[in-house]
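Protein chains: 2
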Amino acid sequence: MKQVKPFLIAVALSVTASAFAQQAAPKPETVIKWRQSVYQVLAWNSSRIKANVDGQFNREEVVRAANSTAAIANSGLGALYAPGTEQGKGWHDTSAKPEIFKDGKKVGDLAGNFVREANELAKIAVNGDQAAVKAQFGKLGQTCKACHDDYKVKD
Amino acid sequence: MKQVKPFLIAVALSVTASAFAQQAAPKPETVIKWRQSVYQVLAWNSSRIKANVDGQFNREEVVRAANSTAAIANSGLGALYAPGTEQGKGWHDTSAKPEIFKDGKKVGDLAGNFVREANELAKIAVNGDQAAVKAQFGKLGQTCKACHDDYKVKD
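Top to bottom, those sequences are chains Z and R. The opening position of the first sequence corresponds to residue 30 in the numbering used here, with each subsequent residue numbered one higher. The opening position of the second sequence corresponds to residue 30 in the numbering used here, with each subsequent residue numbered one higher.
Chain Z extracted, bound-state conformation (with noise of 0.2 angstroms):
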């Protein structure tokens, strides 16, 4: 599967604005509750490789779980910031901050890192060992806890 590179995060929301233009736009409750639903992806993911570095270690599990993460990194995660989902309900209400909308080249710099982290598991997990997947693995979850930090509610 072919990588899209992290610069290209940058120009997702107006390419996936201007594609969503030929349809119906989907609700800003649809988009929430697409919003939420990656980052439980993610969590299902992120719970995967956890217990793959601290017990057992499959690489098969591994590797699956890892190119998801990368391939939803890579995916165009700002559409789903879209302008009119500063607020609403998906699954619930939405747990993004109001900076999220505004600070964009921050929150570009925070989701350049994602992505790049995203990647890098995805490519160690491949040959590397239980070590080097747990430690990459913790640099990941470094760039997801710097975004939570500034931009989720705490709950």
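Hints should not be assumed to be uniformly reliable.
Since the list gives no way to pick one copy over another, a pair counts as held whenever it fits inside one copy or between any two copies.
Derived pair list, reagent style DSS-like, types lysine-lysine, alpha-carbon separation capped at 25 angstroms [claimed, not checked]:
(1) Lys56 / Lys174
(2) Lys183 / Lys118
(3) Lys181 / Lys56
(4) Lys181 / Lys79
(5) Lys56 / Lys131
(6) Lys79 / Lys56
(7) Lys79 / Lys152
(8) Lys135 / Lys79
(9) Lys163 / Lys56
(10) Lys163 / Lys174
(11) Lys168 / Lys181
(12) Lys174 / Lys126
(13) Lys134 / Lys152
(14) Lys163 / Lys79
(15) Lys131 / Lys152
(16) Lys79 / Lys168
These aren't lab readings, by the way, just hints derived from the structure by calculation.
Got chain Z; can you put chain R on it based on the hints?
Relative to chain Z, chain R alone:
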């Protein structure tokens, strides 16, 4: 990213069960929530691909969405139908019919079809023209429908 061969999905469930054994197993409601989220992310990807094959064609967006779909398809979704998740509430009551937990061979075949067509779409998205992508997107959709017809409770 390395693609996992379709036949490997057959062993996904047992592999994952063993990995989860190393740490506290996730609650059934959590697994159902992940399962429901996976299909929402697939729906988002489908929505984007549909917009592109019916309107203005942006290859980068199609590649991103198709790669995400393929990676998720290859990620071992069988684990999300673990024993204990036959009934219960994730984001909402499960829409999975009881038969999906029993018809192992048939479900495996349908899942294999889904993985195969998703991988093919990811391949065609890289070089194929809009018509070719649209045709393959249609084939993929048929594999979704085949499973929904038999194993998803109607809304």
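Here is what the structure says about each hint:
In this assembly of identical chains, the alpha carbons of Lys56 and Lys174 lie at most 25 angstroms apart only when taken from different copies (23 angstroms versus 29 angstroms within one copy). In this assembly of identical chains, Lys183 and Lys118 lie within 25 angstroms of each other by CA distance both inside one copy and across copies; the values are 16 angstroms within and 23 angstroms between. Taking the shortest Cα distances, Lys181 and Lys56 sit within 25 angstroms of each other both inside one copy (22 angstroms) and across copies (24 angstroms). When the C-alpha separation of Lys181 and Lys79 is checked against a cutoff of 25 angstroms, the pair qualifies only within one copy, where the shortest distance is 22 angstroms, while the shortest distance between copies is 31 angstroms.
Taking identical chains as interchangeable, the C-alpha atoms of Lys56 and Lys131 lie at most 25 angstroms apart only when both belong to the same chain, with a minimum of 21 angstroms there against 36 angstroms between chains. Only between protomers do Lys79 and Lys56 lie at most 25 angstroms apart by alpha-carbon distance; the minimum there is 16 angstroms, versus 35 angstroms within a single protomer. For the identical chains of this complex, Lys79 and Lys152 are intra-copy neighbours only, at 17 angstroms inside a copy versus 30 angstroms across copies, given an alpha-carbon limit of 25 angstroms. Proximity of Lys135 and Lys79 under a CA criterion of 25 angstroms is satisfied in neither setting, with 28 angstroms inside one chain copy and 31 angstroms between copies.
In this assembly of identical chains, the alpha carbons of Lys163 and Lys56 lie at most 25 angstroms apart only when taken from different copies (24 angstroms versus 39 angstroms within one copy). Taking the closest pair of Cα atoms, Lys163 and Lys174 come within 25 angstroms of each other only inside a single copy of the chain (16 angstroms); across copies the shortest separation is 38 angstroms, beyond that limit. For a Cα distance limit of 25 angstroms, the shortest separation of Lys168 from Lys181 inside one copy, 19 angstroms, qualifies, whereas the shortest one across copies, 38 angstroms, does not. For the identical chains of this complex, Lys174 and Lys126 are intra-copy neighbours only, at 14 angstroms inside a copy versus 37 angstroms across copies, given an alpha-carbon limit of 25 angstroms.
In this homomeric assembly, Lys134 and Lys152 never come within 25 angstroms of each other (Cα to Cα): the closest approach is 27 angstroms inside a single copy and 33 angstroms across copies. For the homomeric pair Lys163 and Lys79, the shortest alpha-carbon distance inside one copy (8 angstroms) is at most 25 angstroms, but the shortest distance between copies (38 angstroms) is not. In this assembly of identical chains, the alpha carbons of Lys131 and Lys152 never lie at most 25 angstroms apart, being 33 angstroms within a copy and 36 angstroms across copies at closest. Taking identical chains as interchangeable, the C-alpha atoms of Lys79 and Lys168 lie at most 25 angstroms apart only when both belong to the same chain, with a minimum of 13 angstroms there against 35 angstroms between chains.
This entry does not satisfy hints 8, 13, 15, going by the numbered hints stated previously.
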